[in-house]
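Top line first, the protein sequences correspond to chains A and G. Each residue of the first sequence is one higher than the one before, counting from 197 in the working numbering. Each residue of the second sequence is one higher than the one before, counting from 31 in the working numbering.
Possibly wrong hints are sitting among the right ones.
Partner residues are not named here, just some residues of chain A that face chain G (Cβ under 7 Å, in silico) [as the list claims (entries may be wrong)]:
| hint | residue |
| --- | --- |
| 1 | 212 |
| 2 | 214 |
| 3 | 216 |
| 4 | 240 |
| 5 | 262 |
| 6 | 263 |
| 7 | 268 |
| 8 | 281 |
| 9 | 287 |
| 10 | 320 |
| 11 | 325 |
| 12 | 332 |
| 13 | 334 |
Quick list of simulated restraints, FRET-style, between CB atoms [claimed, not checked]:
| hint | chain 1 | residue 1 | chain 2 | residue 2 | range |
| --- | --- | --- | --- | --- | --- |
| 14 | G | 458 | A | 297 | 17 to 23 Å |
| 15 | G | 94 | A | 198 | 34 to 40 Å |
| 16 | G | 226 | A | 303 | 30 to 36 Å |
| 17 | A | 343 | G | 376 | 28 to 34 Å |
| 18 | G | 394 | A | 303 | 18 to 24 Å |
Treat the hints as calculated values from the structure; they're not laboratory data. Given the structure is predicted, the values throughout are model-derived calculations rather than measurements. Just so you know, even glycine gets a beta-carbon here, dropped at the ideal spot from N, CA and C.
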Amino acid sequence: MGKFDDTVKARLDELISRYPTKKAALLPALWVAQEVYGGWLPPAALEEVAAHLGLPEAEVQGVATFYTMYNIKPRGKHAIEICHNVPCMALGAEQLIQHCEKSLGVHAGETTPDGMFTLARVECLGACCNAPAVQVGGTYYEDVTPAQLDALLETLKSAPSEVEAPPQGQISETGRF
Amino acid sequence: MSEQPQLLYKHRHVEGIARLDVWTQNGGYESFKKALKMEPDAIIDEVRASGLRGRGGAGFPTHIKWSAVPKNRDAEHYLIINADEGEPGTAKDRDLMNSLPHLLIEGCLISMIALRASKCYIYIRGEYVEPWKIVQKAINEAYKGGFLGKNVLDSGLDFDIYTHLGAGAYECGEESALMSSLMGERGMPRMKPPYAPLPQIKGVWDRPSVVNNVETAATLVPLIEMGGAEYAKIGYGSPRSRGTKLFSISGHVNKPGIYEIVLGTPFREVLELAGGMKDGKKLKTYIPGGSSMGFAPPEPLDYPFDYEGIPQSTGCLGLGSGGLIIFDETTPIVPLAQRLTEFYHHESCGKCTPCREGLDWLCKVYARITSGAGQESDIDLLWDICDNIRGKSFCPLGEGAIWPVMTSLKLFRDEYLSYIRTGVDALPDLSTIGGPSGAKH
Ligand SMILES: Cc1cc2nc3c(=O)[nH]c(=O)nc-3n(C[C@H](O)[C@H](O)[C@H](O)COP(=O)(O)O)c2cc1C
Ligand code: SF4
Ligand code: FES
Chain A
197 MGKFDDTVKA RLDELISRYP TKKAALLPAL WVAQEVYGGW LPPAALEEVA
247 AHLGLPEAEV QGVATFYTMY NIKPRGKHAI EICHNVPCMA LGAEQLIQHC
297 EKSLGVHAGE TTPDGMFTLA RVECLGACCN APAVQVGGTY YEDVTPAQLD
347 ALLETLKSAP SEVEAPPQGQ ISETGRF
Chain G
31 MSEQPQLLYK HRHVEGIARL DVWTQNGGYE SFKKALKMEP DAIIDEVRAS
81 GLRGRGGAGF PTHIKWSAVP KNRDAEHYLI INADEGEPGT AKDRDLMNSL
131 PHLLIEGCLI SMIALRASKC YIYIRGEYVE PWKIVQKAIN EAYKGGFLGK
181 NVLDSGLDFD IYTHLGAGAY ECGEESALMS SLMGERGMPR MKPPYAPLPQ
231 IKGVWDRPSV VNNVETAATL VPLIEMGGAE YAKIGYGSPR SRGTKLFSIS
281 GHVNKPGIYE IVLGTPFREV LELAGGMKDG KKLKTYIPGG SSMGFAPPEP
331 LDYPFDYEGI PQSTGCLGLG SGGLIIFDET TPIVPLAQRL TEFYHHESCG
381 KCTPCREGLD WLCKVYARIT SGAGQESDID LLWDICDNIR GKSFCPLGEG
431 AIWPVMTSLK LFRDEYLSYI RTGVDALPDL STIGGPSGAK H
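Work out the full structure: start from the sequences and follow the hints.
So this is what it looks like as structure tokens:
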């Protein structure tokens, strides 16, 4: 059974209305699908997106796999994404990553056995002036020390999973968005 | 010290400036009102007089890009704002969107008048959830306040601005790839003139389109307020580098941050503005404008930091996106160059062979060197691979990728050699780079 109920479909239709073609709503629609499917895009999600936008499934899959923020595989409840690009590297990112690997007992790219955390190395987050930088869901943490990271991991254990990135249209005030 | 007038950041620290009421109390949307009374071409003339060049990386004169857009409204014209900010070392657009969202919206409105466009998409990188929310909220306010929507301020003109969230691909910052991505495709670059029509004629959905950087659009606000001729008076260096520019200064300085700096300010002063070298260490090298620009030598320091001064005095590619990354004497360069090469390899869209295969090869040679199994001939090999990518890649990603490699080979050949000759022992433990003793904490 699909997960796109009428509310989801209405959100998608509103997104479609912003562009001259239905296809242009594909990236925003994939964001919505990823949210609805709990943080990743199983084949059923891609099928539903394809059906709603009237696109071939292969095309939807081709686009979804091109972009690194669409998760084709499920991830942990919280994804700890540590920037390892050079400005962060110059200020201790490698140390932070190695520390986090120890704290979680997994390597970067892996998920803890309890499914709580996925640890990932990511490229420049645009927070280089406050290096090293870490992203969890939609939230940035900057100037992060190993001790602060441990404290953050502790807090996250009891925190709800943050949607990777809220899709457009969610912060409506005027009814227009 | 040279004076540093703050044009973009004038209201950066005003409490609540992200709100429409505070923005208008501080003169917000006055430049837009002024522009509404001007003919589109008169705005382009002001931009021409100002000498404004694109702030996204390529530094292309904005008025030339704009002048190619048809001078009618026969078809829908699109303004696309590039907020994909992915060039390592660059954090300025994020700060601009977070702190001054109405400056961006006002700049978009002025640009839309000049381009005879009524629709604008702001393409924001997927990681930028916070800036996206702030900008979207400001857009919502601008609709309520009558600055967006139908027949804005009784001008007879309609203006719509939409945000569009990317999903993690550096290549989508390249303007033709960005347009593909906006249309719901993979972020692959497209054929460029002379092999294809200009995007200003046939861009997104085959309609006239202009892609501009966030900061370029924001600059329109002070530019129209003061007039192009006045704006052109600002600058301490080349006559072709006018106005102020945001620099993200990161790495080993005492006060990393985003600074609005007059173009042509001597590099020595730029370094001082950022608090000078951290812990009194010596400058080893720096990347002047985002990683694709390459590494610069520690001397000279007294040269104009602008579009012309950087390539002339440092041998780097140029000013780029304004991502200045400073490295002190303790920084090992080979692992940094390796990390950047891996970054470009990871982000290569795979469309053309020189970039896809060349970067794969470069990564393998680097891995060999840093695993202690390098040979002296690897230095020439790295250089040759770069030579084979140079000028042959389909888009500038491939070209940008080889600059950190080539410049580091030129400046730090001895360091490469010592790793190769001494083997793993000479290699630093990566976890010691910027670690507790060196970090600012
Ligand atoms: C690989 C690559 C990535 C780029 N990333 C960005 C970016 O994140 N933001 C940006 O404004 N320009 C980026 N550019 C430059 C754009 O192609 C384009 O020149 C720019 O958006 C034009 O705006 P401007 O004239 O206002 O600078 C990138 C270029 C390349 C080749
Ligand atoms: S240079 Fe070629 S492979 Fe590399 S990103 Fe550009 S088009 Fe893609
Ligand atoms: S390099 Fe880490 S945020 Fe830019």
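Worksheet entry | Status of the hint placing residue 332 (chain A) at chain G (closest C-beta pair under 7 Å) | Since the shortest Cβ distance to chain G is 11 Å, the answer is violated.
Worksheet item: Given a hinted range of 30 to 36 Å, is it respected by the beta-carbon distance of residue 226 (chain G) and residue 303 (chain A)?
Response: violated, 44 Å
Discussion item. Residue 320 (chain A) was flagged as interface toward chain G. Is the shortest Cβ-Cβ separation under 7 Å?
Written reply: Given a least distance of 4 Å, the restraint on residue 320 (chain A) holds.
Worksheet item: Does residue 281 (chain A) meet its interface restraint, that is, does its C-beta lie within less than 7 Å of any C-beta in chain G?
Response: holds, 4 Å
Worksheet entry | Distance restraint evaluation - residue 458 (chain G), residue 297 (chain A), Cβ atoms, bounds 17 to 23 Å | holds, 19 Å
Fill in: Proposed interface contact between residue 325 (chain A) and chain G, which counts if any beta carbon pair is under 7 Å
This interface hint holds because 4 Å falls under the 7 Å limit.
Fill in: Given hint residue 214 (chain A) near chain G, where the shortest CB pair must fall under 7 Å
Result: holds, 5 Å to nearest chain G Cβ.
Item to complete: Using the beta carbons of residue 343 (chain A) and residue 376 (chain G), state whether their distance is inside 28 to 34 Å or not.
Response: holds, 30 Å
Item to complete: For the hint on residue 262 (chain A), just tell me whether its beta-carbon gets within less than 7 Å of chain G.
Response: holds, 4 Å
Worksheet item: Is the interface hint for residue 240 (chain A) satisfied, with its Cβ closer than 7 Å to some Cβ of chain G?
Response: violated, 19 Å
Item to complete: Hold the hint about residue 212 (chain A) up to the distance rule: shortest CB distance to chain G must be less than 7 Å.
Response: Constraint on residue 212 (chain A) not satisfied, violated at 11 Å.
Item to complete: Return the status of the interface hint for residue 334 (chain A): holds when the least beta-carbon distance to chain G is below 7 Å, violated otherwise.
Response: Holds: closest Cβ of chain G sits about 3 Å from residue 334 (chain A), inside 7 Å.
Against the hints set out earlier in the document, violations occur for numbers 1, 4, 7, 12, 15, 16.
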